[in-house]
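*Asks:* So the chains spell out like this:
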Amino acid sequence: MTTLDARPVDKFDDNDQKPIGHGRMLRKEDPRFIRGLGKYCDDIQLPGMLHLAILRSPVAHARIVSVDVTAAQAHPKVKAVITGADLAEKGLAWMPTLSNDVQAVLATDKVRFQGQEVAFVVAEDRYAARDALELIDVDYDILAPVIDARTALSADAAVIRDDLEGKTDNHCFDWETGDEAATEAVFAKADVVVKQDIVYPRVHPAPMETCGCVADYERVDGKLTLWTTSQAPHAHRTVYALVSGLPEHKIRVIAPDLGGGFGNKVPIYPGYVCAIVASLVLGKPVKWMEDRSENLVSTGFARDYIMQGEIAATKDGKILAIRTNVLADHGAFNGTAAPVKYPAGFFGVFTGSYDLEAAYCKMTAVYTNKAPGGVAYACSFRITEAVYLVERIVDCLAYELEMDPAELRLKNFIRPEQFPYKSKTGWVYDSGDYATTMRLSMKMAGYDELRREQAEKRARGELMGIGVAFFTEAVGAGPRKDMDILGLGMADGCELRVHPTGKAVVRLSVKTQGQGHETTFAQIVAEEIGIPPADIEVVHGDTDNTPFGLGTYGSRSTPVSGAAAALVARKVRDKARIIASGMLEVSVADLEWTKGSFHVKGDPTSAVTIQDIAMRAHGAGDLPDGIEGGLEAQICYNPENLTYPYGAYICVVDIDPGTAEVKVRRFIAVDDCGTRINPMIIEGQVHGGLTDGVGMALMEMIAFDEEGNCLGGSLMDYLIPTALEVPDWETGFTVTPSPHHPIGAKGIGESATVGSPPAVVNAIVDALKPYGIRHADMPLTPSRVWDAMQGHPTPPV
Amino acid sequence: MQVTMTVNGEEVAAEIEGRTLLVHFLRDQLRLTGTHWGCDTSNCGTCVVWMDDEPVKSCTVLAAMAGGHEVRTVEGLETEDGLDPVQEGFMQCHGLQCGFCTPGMMMTARALLDRNPDPGEQEIREAISGQICRCTGYATIVRSVRWAATHPNGVDQNQPEAEPADLEVPDPATEAVPERAGSIT
Chain G
1 MTTLDARPVD
11 KFDDNDQKPI
21 GHGRMLRKED
31 PRFIRGLGKY
41 CDDIQLPGML
51 HLAILRSPVA
61 HARIVSVDVT
71 AAQAHPKVKA
81 VITGADLAEK
91 GLAWMPTLSN
101 DVQAVLATDK
111 VRFQGQEVAF
121 VVAEDRYAAR
131 DALELIDVDY
141 DILAPVIDAR
151 TALSADAAVI
161 RDDLEGKTDN
171 HCFDWETGDE
181 AATEAVFAKA
191 DVVVKQDIVY
201 PRVHPAPMET
211 CGCVADYERV
221 DGKLTLWTTS
231 QAPHAHRTVY
241 ALVSGLPEHK
251 IRVIAPDLGG
261 GFGNKVPIYP
271 GYVCAIVASL
281 VLGKPVKWME
291 DRSENLVSTG
301 FARDYIMQGE
311 IAATKDGKIL
321 AIRTNVLADH
331 GAFNGTAAPV
341 KYPAGFFGVF
351 TGSYDLEAAY
361 CKMTAVYTNK
371 APGGVAYACS
381 FRITEAVYLV
391 ERIVDCLAYE
401 LEMDPAELRL
411 KNFIRPEQFP
421 YKSKTGWVYD
431 SGDYATTMRL
441 SMKMAGYDEL
451 RREQAEKRAR
461 GELMGIGVAF
471 FTEAVGAGPR
481 KDMDILGLGM
491 ADGCELRVHP
501 TGKAVVRLSV
511 KTQGQGHETT
521 FAQIVAEEIG
531 IPPADIEVVH
541 GDTDNTPFGL
551 GTYGSRSTPV
561 SGAAAALVAR
571 KVRDKARIIA
581 SGMLEVSVAD
591 LEWTKGSFHV
601 KGDPTSAVTI
611 QDIAMRAHGA
621 GDLPDGIEGG
631 LEAQICYNPE
641 NLTYPYGAYI
651 CVVDIDPGTA
661 EVKVRRFIAV
671 DDCGTRINPM
681 IIEGQVHGGL
691 TDGVGMALME
701 MIAFDEEGNC
711 LGGSLMDYLI
721 PTALEVPDWE
731 TGFTVTPSPH
741 HPIGAKGIGE
751 SATVGSPPAV
761 VNAIVDALKP
771 YGIRHADMPL
781 TPSRVWDAMQ
791 GHPTPPV
Chain E
1001 MQVTMTVNGE
1011 EVAAEIEGRT
1021 LLVHFLRDQL
1031 RLTGTHWGCD
1041 TSNCGTCVVW
1051 MDDEPVKSCT
1061 VLAAMAGGHE
1071 VRTVEGLETE
1081 DGLDPVQEGF
1091 MQCHGLQCGF
1101 CTPGMMMTAR
1111 ALLDRNPDPG
1121 EQEIREAISG
1131 QICRCTGYAT
1141 IVRSVRWAAT
1151 HPNGVDQNQP
1161 EAEPADLEVP
1171 DPATEAVPER
1181 AGSIT
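Going down the list, the sequences are from chains G and E.
The opening position of the first sequence corresponds to residue 1 in my numbering, with each subsequent residue numbered one higher.
The opening position of the second sequence corresponds to residue 1001 in my numbering, with each subsequent residue numbered one higher.
Keep in mind the hints are simulated off the structure, nothing from the lab.
One should not assume that every hint holds.
One side only, chain G facing chain E, incomplete, derived with CB under 8 Å [what the hints assert, rightly or not]: (1) Lys-28; (2) Gly-38; (3) Pro-420; (4) Val-539; (5) Gly-582; (6) Leu-584; (7) Gly-684; (8) Gly-688; (9) Leu-690; (10) Leu-711; (11) Met-716; (12) Val-726; (13) Trp-729.
Built from N, CA and C at the ideal position, the CB exists for glycine as well.
Hey, can you work out the whole structure from these sequences and the hints?
*Replies:* Given below as structure tokens:
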């Protein structure tokens, strides 16, 4: 690992080289969106296009006795009806998941969750396709469902995955990290040990645009074009090639504008495969778009971790060790989208931002009769769960020690001089100055004044709470030596072409879902090569026109692809320097780079701009020996480490003692994501994540009844915050560059989603302190808060 | 059945199924795809258009019910005089990210401003509370509508990218911590 001083940045700290790229810049993508001219998947309409609709299981667990499609086939507008048995004949009934499990494309033997795909219809229009679904008759032999993960491993639980040879239980995997014996030794000698059961309920990313695709197979040239809601078009293309047998060069995956993603658009869903099959069979373009209910009941959920946390400390508040036991509910198929060597994602960073003596985690994952998924909703590969665990258990410790939660955190932070810091679970934190960030958040909040106000209100019987949370993330997966998805290393390519007139096009392997890549990547390249961002076109989301890379999720775009963009621009600049030396007739060593031009050292008037150089590179004149024409480059960036953004969040809530309604009065968020590329966009990323956090803490949950019926299958039942449930956010920042990233940047896209739920819950629990409450489980709806006030802080199992 | 309506000032006549939703009629038949479809339950508001100057959720209106009425969609916000200040405000204040809820939000915002040219924060929040944005956290949408309220003639061409002067919530850390503060010192 490089040190801060040795980081590979040449002009980074020089104020005279003030970036032309970085800074608040309006977004290049906005002019089309504000005119309604965005091009989302469902906006695509091809000549002769047919519409596909999916029949889904109404029950959670059942054997399929028969499927009768006769009446549906007779519908005058129906072109095809396909069942699991039809797909099985072609060997396409099952597909691999991103976690080396398999998932049914269409059910053949059993249905394993409510909403599972059973058959599909292709028809002339979307209404007719839906009509025909009603004509399919499926006979189900209902089986006992396994809904509560706590009962999944009991001897009498039905075996869900009897498709797997020799499978006799619902065990999915075991995983552990840290040192069990060393942790036990520390716990044995500790003055104080606090234990707490903590549930992170199942939630759903629910992007405003649901998932879908248009598959268009051209029989003559044997080429499949798939417009699809994909955050990872290159990875998807490779998987389709492996599954379908179509050669990879004959598959073009295009992710058009995406109406949000949040991890929901990382997995490959059966619907995509169905549309591809339909287009192959019928030779026509076929569109499949989920409705909202299908999105909520069948696509990638998030969380569903049942955790037991334990923390050991001295009586004066030095945290010594953290230990946790996790029961992970993975649903009917293990569809986790995470690096394969990390079945629990990056949950291993549950040690948080604290300098510990020991840590240990043991996890058991089980199958249940619920939808598959697990890694989604801006979770940074399960860091959301890890941060929630540690930040809740630290607050439980503060409660027991009667210490201020901010003071307790300040006492235990990893100190700046300890970086790079290797955690007790093996993660190498790159850089940080946690106390500075924590203190800034306290200053912005007016922390001491808030505590005084709280004391006054408590004396009057009013319920006001102040919640503190501090998080560190590990984002930017990842080093290819140990991170891959289905064998694909998690690197990203980038190509930069400078045209003769000095305008440029940069091609990315990642894909924006609203993060503003068309702007920020132009800014990154502009910063390095001196071409204004307005003159740089960003191309992304089309596998035929961009270099290979693993896509946008886990806050990896800036840490990985952003690094690639900076380095490819430097590669082009290196070539430009050689061409400039020929144009100015001096040696390369005699040139200096300033804001888009090279000049002769000591003679700023003897200069050529990058635009001059671009024309020379493509022109008819001589070039220095050994230099080919053109001004372009391509690289593939393999990160040497993850980046570790962090932040300090403070939430202030008021609870109505009569109705138990929680009002989030203030939320102060101070983030450190290293070098900041576009502060406006960063602020937007943080605002969105904070809203997610308030949603999860107060209202969002995908619940099930005993029969396995999903109780969160519409936006009437799965509640998402509106403008009335969230405050005006107060944001701040510190800047601690990543030492190993070319421009010192870290990820920011998921920080607030990760960090805010514990801040809100800590605030609510703090408000309920007069009731003797130390913990209450999300979502803290009025009824749950009311129950907590009556002495029942967690719902019955 | 035959339906006739005015859409963005132009009369359109079409043959439709009686059950056709207005959102699908606009999107699939008229190819006005700026209006989106995000839920089935009238909760998300990505489908908001105007019917006779009132915002409606077009997923809950039959196209037949719009017969004889005037419909205005996001495509009708920009006029010969240029962008609507609401559109400009959303760009200036980062009121959108993925852009999917944006057309509906802007249609509601324009209706609000026509009714009340100077709405406060709470009025704006209430006006858009029937709509969901998953990206922005709403604060920048509120700022965008305020920008439009304070710039009824749109953007000042001389300073197109200036920080909006009336931003109500300056970044509190800008003064507290200089850029590049932190542990690199």
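*Asks:* Regarding the hint that G:Leu-584 lies at the interface with chain E, is the smallest CB-CB distance below 8 Å?
*Replies:* Violated: closest Cβ of chain E sits about 33 Å from G:Leu-584, beyond 8 Å.
*Asks:* With a cut-off of 8 Å, does the beta carbon of G:Pro-420 approach a beta carbon of chain E closely enough for the hint to hold?
*Replies:* violated (12 Å)
*Asks:* How about G:Leu-711: closest beta carbon in chain E under 8 Å, or not?
*Replies:* Violated. Min distance 14 Å.
*Asks:* Holds or violated: is the Cβ of G:Val-726 closer than 8 Å to a Cβ in chain E?
*Replies:* holds (6 Å)
*Asks:* Can we keep the G:Leu-690 interface hint, with Cβ of chain E closer than 8 Å?
*Replies:* holds (6 Å)
*Asks:* With a cut-off of 8 Å on the beta carbons, see whether G:Lys-28 makes it to chain E.
*Replies:* violated (10 Å)
*Asks:* Under 8 Å is the threshold here; is the Cβ of G:Met-716 close enough to any Cβ of chain E for the hint to stand?
*Replies:* With a minimum Cβ separation of about 5 Å from chain E (threshold 8 Å), the hint on G:Met-716 holds.
*Asks:* Using the nearest Cβ pair, does G:Gly-688 come within less than 8 Å of chain E?
*Replies:* holds (5 Å)
*Asks:* For the hint on G:Gly-684, does the least C-beta distance to chain E fall short of 8 Å?
*Replies:* The hint holds - G:Gly-684 has a Cβ within 8 Å of chain E, the shortest such distance being about 5 Å.
*Asks:* Hint check: is the beta carbon of G:Val-539 less than 8 Å from a beta carbon of chain E?
*Replies:* This interface hint is violated because 18 Å lies over the 8 Å limit.
*Asks:* Please verify that hint: G:Gly-38, Cβ, nearest Cβ of chain E, below 8 Å or not.
*Replies:* holds (5 Å)
*Asks:* When the nearest CB of chain E is found for G:Gly-582, is that gap smaller than 8 Å?
*Replies:* violated (36 Å)
Going through the hint list in order, the structure does not satisfy hints 1, 3, 4, 5, 6 and 10.
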